[in-house]
Structure formats: C-alpha cells, structure tokens
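Chemist: Okay, here's what each chain looks like letter by letter:
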Amino acid sequence: MLHTINKSPFQTNALESCLRFARSGHSVLLFEDGIYAALKNTRFESLVKSSLTDVKIYVLVADLEARGMRTDNIIDGIKTAEYGDFVDLVANNKSVQAWL
Amino acid sequence: MEDEEVIKKFLYLNRKAPYGSIYALESLEVVLIGAAFDQNVSLAFIDDGVYQLKKDQSTDGIGMKNFSSTYRALGDYDVNKIYVDKDSMDERGLTIDDLMNLTYEDEDDDYAEKPSISILTSEKISALMEEQDVILSF
Amino acid sequence: MSTIEVNGKAVELDEEGYLVNLSEWNEDIGKILATQDEIELTDGHWEVITFLRDYYDEYQIAPAVRVLTKAIGKKLGKEKGNSKYLYQLFPYGPAKQACRFAGLPKPTGCV
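Protein chains in written order, with the numbering used here: chain A, -14 to 85; chain B, 119 to 256; chain C, -15 to 95.
This is chain A alone, in the form it adopts within the complex (with noise of 0.2 Å):
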C-alpha cells in the first residue's frame, strides 16, 4: 500500500497521522509541500527516522529542488524519486492512501 503526503508536517499532522497507520511494508511518498518531512534537522526527523525500519519512504526531487533544498539535505535512508517513480509506485500498489 502506498501513502502520499503533500502538506507540511509543519501545517498539518499528515506525516503523524501516516505514519501512525502504516504498516510494516507499506510505502510512504513526500511531495509537494510534503517534502519538508524528507530533511534533516527538523522537529520530525527522529520520528521519520524510527519509521524508517518499517516503512520505505520517498521524496519527489522536482518538488525538493523546487523549494531550494537539495538531496543531500535529506534524511538518511529516504529514497528520492523522479516523476516516473511516482507513477511506479501508484500502478505497483494495490491502493493509495492521500493523507490531504
């Protein structure tokens, strides 16, 4: 199952909300203003950390770029993914879960 965020942890309890629910397996997409949850640093970075052992994360480059941050701002362990894999990721998926 996959799970996509496009808000700011900072805005809203998306990512918390994600990641309360995701099961072992499941993936986890970063984009648009979502990607702030992907960076180092921030107040979210352990629990991005400690999800990581269960969950695969990824980050939108185009979106990360877009907002002036780089990929090696980014957490250990998040994948980065093009456009291309985004569309991987929904077509492998058996359903899709948008945390608006």
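Just so you know, not all the hints are guaranteed correct.
Listed next, the in silico EDC-like pairs over lysine to aspartate or glutamate satisfying Cα-Cα at most 16 Å (straight line) [said to hold, decoys possible]:
(1) C:58 with B:224
(2) C:54 with B:228
(3) C:64 with C:8
(4) A:79 with B:248
(5) C:59 with B:223
(6) C:54 with B:224
(7) C:58 with B:223
(8) C:54 with B:225
(9) B:183 with C:42
(10) C:58 with B:225
(11) A:64 with A:30
(12) C:54 with B:196
(13) B:242 with B:196
(14) C:54 with B:223
(15) B:173 with C:42
Source of the hints: derived by calculation from the structure; they are not laboratory data. Quick caveat, the model's predicted, so the values are computed rather than measured.
We have chain A already, so just place chains B and C on it with the hints.
Modeler: Just chains B and C now, kept in the frame of chain A:
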C-alpha cells in the same frame, strides 16, 4: 449484468472536522451517491474527522445546513460499517457517549436495530485500510 | 431558471424545475407543479409527498428512490412500497418527480 459486477471494497477515510472546510459534507454526499452502486462500503473517522460524528450539533448560529442529521440516514442507504479511531477520540477527550447513535436495521436478523459505529484501535484501522480496493480520502 | 406564479406570488425554479427556495413551498405550489406534468394530485400522491417532506425534515436529504421505496413499504405497507405502485403515481420517477412536487431538492443518490 449486475450479477457479474465485481464487488469492491471502498473505504471513505474522513480526517477533517465539519463546517470549517467542505471535506466532511463532500464526503457524505459522495457516500450517498456511491451507495446507489452495490459495493462493500465502509466509513472510517480518524483525526479531526471524529468531530463529524459529535452529537447535538446545531448550526442555527452559523447559517449553514446541519448535515449531521444526514449521518442517521446512512443505515437506510445500507451503509452500516462505520469505524472510529479510538486514539483520535482519546486525544480529543471524546467517548462513545459524545457521538451520535447511528443504527441500521439488519435485514438478515428480522430487521433488528443494530449500532453502525464501532470504535477501533489504530492497529485495527490500519488493517482495515490495507484490505481495501479503493480508499477515498477526505 | 424559470418562474411560476402561485396565488399572485412569483416562485423561482431551478433549471430542472426544482424550487430554489425550499421554504417557499406550500400545497398550492405542489399542485401547480403537478399540473405542469399533467398530474392531478390524489391522496396517494400526497401520502408520498408528505412522507418525503418528513424524511427531509428529519435527515436533511431527499432519499434516493431505492431508499424511498423501502421506507414507504415500512411506513405505509408493502402494497405501496414497490416500484409499480410508486411509478403509477409518479411516472417520471417516484423520488425525482415527487421531490419536485414536494418542494425538495433533487434526491441525493439519483443520477
């Protein structure tokens, strides 16, 4: 034709409080419209979504339609699997007594009136999400 | 949008002929809307219209035809809670047409 249709599992996942945004009402309308198609439908309420089911809503003062009464019609539309996340309730200081009493008539049990709402742990809600064919997020 | 005149008062209808302002409704408006469809309202019609208005009052929606049929059966008896009886009364659809006469919005769940 109808017999050949595949019954899919649809979950409407509600995470927003009513009135402050259009999500809650939109979700309810889609549920009612979708109920015309025979599918396996469940509703889940997590995060601020649990506020949608709070009883005693009265919108006279804000000039908006009080659509909370419409949740009580869901049973008529054969929508009777309504799940509420216990952690979200606890966090907000709510108990089952704060929620509307939603019921349905069980056709297979001499039309006995039964409660539609179940309060589940987050773990159970996760499992519920995982078994769906389609999740509609609001 | 169109307007009908009932007892010297203009009543606004939407593009599908449903009342724009639900609170304007009265029985005379119901009768005139029915006359436009060449229907003279009988007790049988009024029973359904009253039922729909009560349902809307309680649940804030006009029921879909499937829900209406079942609920009418429960309230008014099986001989009335079936499509055949209800379509005889309201040939353009017991929910859609009856809701229009009843001054309610188009039923939720009717495509």
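Chemist: To test your reading of the hints: which numbers does this structure violate?
Modeler: 3, 13
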